[in-house]
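2 protein chains.
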Amino acid sequence: MGKTSRVEEDFQDYLHEMDAYREVMMLTYWDMRTKIPKKGVDQRSEVIGFLAEKVHQLETSEKMKNFIDALRDADNEIVRKSIEECEETYHKSSKIPTNEYKEYVKLQSKSESVWQEARKKADFTLFQPYLEQLVEYNKKFANYWGYEKNIYDALLHHFEPGITTEILDGIFPKLRDSITDLLGKIEGSMDKPDPSILKGHFPKENQEAFTIEILKQIGYDFESGRLDETIHPFEITLNRNDVRITTRYDEEDFRMAVFGTIHEGGHALYEQNINASLARTPLATGTSMGIHESQSLFWENIISRSKGFWQNNYDLFKSYAPNHFQHVVLEDFYRAINEVKPSFIRIEADELTYPLHIMIRYELEKGLINGDFAVKDLPGLWNEKMVDYLGIEPSTDREGVLQDIHWSGGDFGYFPSYALGYMYAAQFHQTMSQELDIDKLLSSGNFKPIKEWLTKNIHQYGKMKKPLELVEDVTKEKLNAEHLIRYLTKKYTDIYSL
Amino acid sequence: MGKTSRVEEDFQDYLHEMDAYREVMMLTYWDMRTKIPKKGVDQRSEVIGFLAEKVHQLETSEKMKNFIDALRDADNEIVRKSIEECEETYHKSSKIPTNEYKEYVKLQSKSESVWQEARKKADFTLFQPYLEQLVEYNKKFANYWGYEKNIYDALLHHFEPGITTEILDGIFPKLRDSITDLLGKIEGSMDKPDPSILKGHFPKENQEAFTIEILKQIGYDFESGRLDETIHPFEITLNRNDVRITTRYDEEDFRMAVFGTIHEGGHALYEQNINASLARTPLATGTSMGIHESQSLFWENIISRSKGFWQNNYDLFKSYAPNHFQHVVLEDFYRAINEVKPSFIRIEADELTYPLHIMIRYELEKGLINGDFAVKDLPGLWNEKMVDYLGIEPSTDREGVLQDIHWSGGDFGYFPSYALGYMYAAQFHQTMSQELDIDKLLSSGNFKPIKEWLTKNIHQYGKMKKPLELVEDVTKEKLNAEHLIRYLTKKYTDIYSL
Numbered sequence: 007m008g009k010t011s012r013v014e015e016d017f018q019d020y021l022h023e024m025d026a027y028r029e030v031m032m033l034t035y036w037d038m039r040t041k042i043p044k045k046g047v048d049q050r051s052e053v054i055g056f057l058a059e060k061v062h063q064l065e066t067s068e069k070m071k072n073f074i075d076a077l078r079d080a081d082n083e084i085v086r087k088s089i090e091e092c093e094e095t096y097h098k099s100s101k102i103p104t105n106e107y108k109e110y111v112k113l114q115s116k117s118e119s120v121w122q123e124a125r126k127k128a129d130f131t132l133f134q135p136y137l138e139q140l141v142e143y144n145k146k147f148a149n150y151w152g153y154e155k156n157i158y159d160a161l162l163h164h165f166e167p168g169i170t171t172e173i174l175d176g177i178f179p180k181l182r183d184s185i186t187d188l189l190g191k192i193e194g195s196m197d198k199p200d201p202s203i204l205k206g207h208f209p210k211e212n213q214e215a216f217t218i219e220i221l222k223q224i225g226y227d228f229e230s231g232r233l234d235e236t237i238h239p240f241e242i243t244l245n246r247n248d249v250r251i252t253t254r255y256d257e258e259d260f261r262m263a264v265f266g267t268i269h270e271g272g273h274a275l276y277e278q279n280i281n282a283s284l285a286r287t288p289l290a291t292g293t294s295m296g297i298h299e300s301q302s303l304f305w306e307n308i309i310s311r312s313k314g315f316w317q318n319n320y321d322l323f324k325s326y327a328p329n330h331f332q333h334v335v336l337e338d339f340y341r342a343i344n345e346v347k348p349s350f351i352r353i354e355a356d357e358l359t360y361p362l363h364i365m366i367r368y369e370l371e372k373g374l375i376n377g378d379f380a381v382k383d384l385p386g387l388w389n390e391k392m393v394d395y396l397g398i399e400p401s402t403d404r405e406g407v408l409q410d411i412h413w414s415g416g417d418f419g420y421f422p423s424y425a426l427g428y429m430y431a432a433q434f435h436q437t438m439s440q441e442l443d444i445d446k447l448l449s450s451g452n453f454k455p456i457k458e459w460l461t462k463n464i465h466q467y468g469k470m471k472k473p474l475e476l477v478e479d480v481t482k483e484k485l486n487a488e489h490l491i492r493y494l495t496k497k498y499t500d501i502y503s504l
Numbered sequence: 007m008g009k010t011s012r013v014e015e016d017f018q019d020y021l022h023e024m025d026a027y028r029e030v031m032m033l034t035y036w037d038m039r040t041k042i043p044k045k046g047v048d049q050r051s052e053v054i055g056f057l058a059e060k061v062h063q064l065e066t067s068e069k070m071k072n073f074i075d076a077l078r079d080a081d082n083e084i085v086r087k088s089i090e091e092c093e094e095t096y097h098k099s100s101k102i103p104t105n106e107y108k109e110y111v112k113l114q115s116k117s118e119s120v121w122q123e124a125r126k127k128a129d130f131t132l133f134q135p136y137l138e139q140l141v142e143y144n145k146k147f148a149n150y151w152g153y154e155k156n157i158y159d160a161l162l163h164h165f166e167p168g169i170t171t172e173i174l175d176g177i178f179p180k181l182r183d184s185i186t187d188l189l190g191k192i193e194g195s196m197d198k199p200d201p202s203i204l205k206g207h208f209p210k211e212n213q214e215a216f217t218i219e220i221l222k223q224i225g226y227d228f229e230s231g232r233l234d235e236t237i238h239p240f241e242i243t244l245n246r247n248d249v250r251i252t253t254r255y256d257e258e259d260f261r262m263a264v265f266g267t268i269h270e271g272g273h274a275l276y277e278q279n280i281n282a283s284l285a286r287t288p289l290a291t292g293t294s295m296g297i298h299e300s301q302s303l304f305w306e307n308i309i310s311r312s313k314g315f316w317q318n319n320y321d322l323f324k325s326y327a328p329n330h331f332q333h334v335v336l337e338d339f340y341r342a343i344n345e346v347k348p349s350f351i352r353i354e355a356d357e358l359t360y361p362l363h364i365m366i367r368y369e370l371e372k373g374l375i376n377g378d379f380a381v382k383d384l385p386g387l388w389n390e391k392m393v394d395y396l397g398i399e400p401s402t403d404r405e406g407v408l409q410d411i412h413w414s415g416g417d418f419g420y421f422p423s424y425a426l427g428y429m430y431a432a433q434f435h436q437t438m439s440q441e442l443d444i445d446k447l448l449s450s451g452n453f454k455p456i457k458e459w460l461t462k463n464i465h466q467y468g469k470m471k472k473p474l475e476l477v478e479d480v481t482k483e484k485l486n487a488e489h490l491i492r493y494l495t496k497k498y499t500d501i502y503s504l
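Protein chains in written order, with our numbering: chain A, 7 to 504; chain B, 7 to 504.
Worth flagging that the hints you see were computed from the coordinates, not collected in a lab. Values in this document were obtained by computation on a predicted structure and should not be read as measured data. Warning: the hint list may mix true and false statements.
Pairs involving identical chains hold if they fit within one copy or between any two copies, as the list cannot separate such chains.
[Said to hold, decoys possible] Computed list of lysine to any residue pairs in SDA-like fashion (alpha-carbon distance at most 25 Å, straight line):
#	residue 1	residue 2
1	Lys-446	Ala-342
2	Lys-45	Lys-454
3	Lys-44	Thr-461
4	Lys-347	Asp-394
5	Lys-44	His-22
6	Lys-41	Ala-58
7	Lys-41	Asn-212
8	Lys-41	Phe-240
9	Lys-44	Glu-458
10	Lys-41	Glu-118
11	Lys-60	His-22
12	Lys-60	Asp-37
13	Lys-69	Glu-91
14	Lys-44	Asn-281
15	Lys-44	Lys-454
16	Lys-44	Ala-285
17	Lys-60	Tyr-96
Sequences and hints are given; from them, build the entire structure.
Listed below in structure tokens is the structure:
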């Protein structure tokens, strides 16, 4: 007890080595997406391949197996939980035959470029044979990994351990009904916001300056991170003291950069505030895709689309947009940034309709992996469901089944994390509001207690707690969609005078 | 013949692995100096240590020894020359006992921070004990590595293979005499340029835009590189398609960024134009420090401080400095940027007095390594030599013996490369001017034939030719300081109406 054994020391060295590779791999990705000159990409791709191979070797080595066997019951909790993570990865990798995995990696890379072509041409038939293979591989892998009730659970587990089709099927219908009910009322409302007041030219430099001020307000530490520009915004963790985010500026629509940056800032706050004792272990990152998304959505939607937030920041915002918004009153501005309107593209969807986009994808994925229908039937099914859930029908597959990159990379089971993130966020918010007067804090610009609450209850643990364990520890109840439903109902009842 | 043997293929894979580590190490350095957030530095330093260790292991492995033995006489010239490079590194590393090397690395890192402190306080006694140890280690290493006539040659070889004290002692006195003779005449000139006309505020953005245009003119490929801002400008090669440079802007003195960027651009042109067949081998970089410096100085001094260059670019320059230089005629501008004036700081020295700074350092290094005097005598000797060579005496060690970082990193034998670079550049220039009408090309802004000449004669070879071999191949004579002397005499006779 207390004393670190020799094998624990060796394991720590081994983790440090893995972590060094991980850090340079993250730096390499970041550079590829933000700074690399065009012609440097080819060789860099080979370098990334080399690093990925090294990490894979370390994850699946005989030495790793020995560490797992020796330290599975270690006294030190960080060692034990690190071993748990390593074991999960070890088994996931070692159960897939090497040749099959290599073929799959090639297929992924080819499929992404084919998907890009297919989307450009709005021609699903180009992508179809690749998607068919990707689905087949995922079914095989799911069978290698094993599952209890539904084959799709094996894939869900990859992104959101503990979540099953049984849980989702118990939650989604109720959530869907509440949202469509609210949507119906909103569409019938006689008191709608006017989004046209948001239009206007907003120079990039000013947007950047404003978002930097907001990031500082919410507690993003620029001494442990930086903000750059990319086409597809992301957050990336080199280490807990180097958590970088990127954003995209649209000079004709500030919402892209402002809400997008806060979203990535929410991810970054999670990573910057993981406990230092977990540094350089596999535990030093967010515990799941869904919990990560709960943090970004909490800041993006619950905080930065709230009235309190703008009560404090609207004047600042207007100071960066000297030629606009001067005659727009706060209430109209607040209502406009919360306009609800069914639309085709998921990433452009409003807060209310977004979960419907996720449910459509969930049902299609689950059906595909279970063999309920064929890949060729996807476009038709997609459009049917869009009509069914959102009341609109895409005119091309570009704004339909071909819009998302995920499937082209073989990522099945990922989409539900987005909807789970919404539900987690609302549930955390509910608990937080019992302890903090959130509206008052927001309208006075005092984010510190909010950030500290999140660190104390969520961030610090990294992967020490599994997602559902974390939800129960924090909120003293199981995952419960009611909180999201209540939050949405309250918000839109006010905005649309329902 | 022609067919690649199994061991050659394995060697190639091994080189690719080494090169992948090298590339990520370079990326890591670049990021550390340009982009990393403050708190990310600590862990990053450990990552760099890890990568350096990996590279060192690969360079000195048993496997490497086997490759060297098996392929020393390979038919393929690229393989053979790669082996030569590897063998050089292998022996250099393996001759130093591991413990001694580790101690030395620690000493280097400690010494640099002590030097910084000492320089800040202008107190040589702080740095003295560290410098003493660094000198002792370098003497030991020189003895391990071996030499023919002078122990200092072993260190020179490290930076400039083929160059010896005998060669330098044969060249420097004549060069010194010519420069001091010219300097005397210049000081007596009644027709001096007026550098005060160069003063004026020049916004950073405009300086950047102008230097980018110049970089494009000289053929720097922005699709294979990028320009960033740093305190200490540098060029760094990730691979031949990703050659990055940095610069520093002084809004009150444009010369820093303009000539500094062209200098780094000259280094970058070398690296960008190495033959593709050498990619991912140890040959895909400049052949020595001196030849590298010949390329940067060629562009910085011979080209961009020439009259022809400004005949073509002065209007462009003025367009970026709308409030200055409008009443400054080209001739006055040209003369002002070429003002000669003895000064204390090497990196701020003009083109004529610069080599004198180098000779002082050369004599001191040679004396130290040969034990002709003690480290404690350095400050006094430095100041004596400054009076002797340049006629001025530093009032503190900050502007004297403590000004350069090199010795604090244990780099002895490096300084002569700067003076060699000058001589190589002038000698190459002499040959080039027999084949190209350089003045005409410059004044018409046609840099392409110049760049192509450099690529054909110098750049493409990378490390396939040793520095002196390259000089002889290109200029059909041995290293000859007369070319530099003639170039300087002609230039300053014109500028100062001597």
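Contradicted hints - numbers only: none
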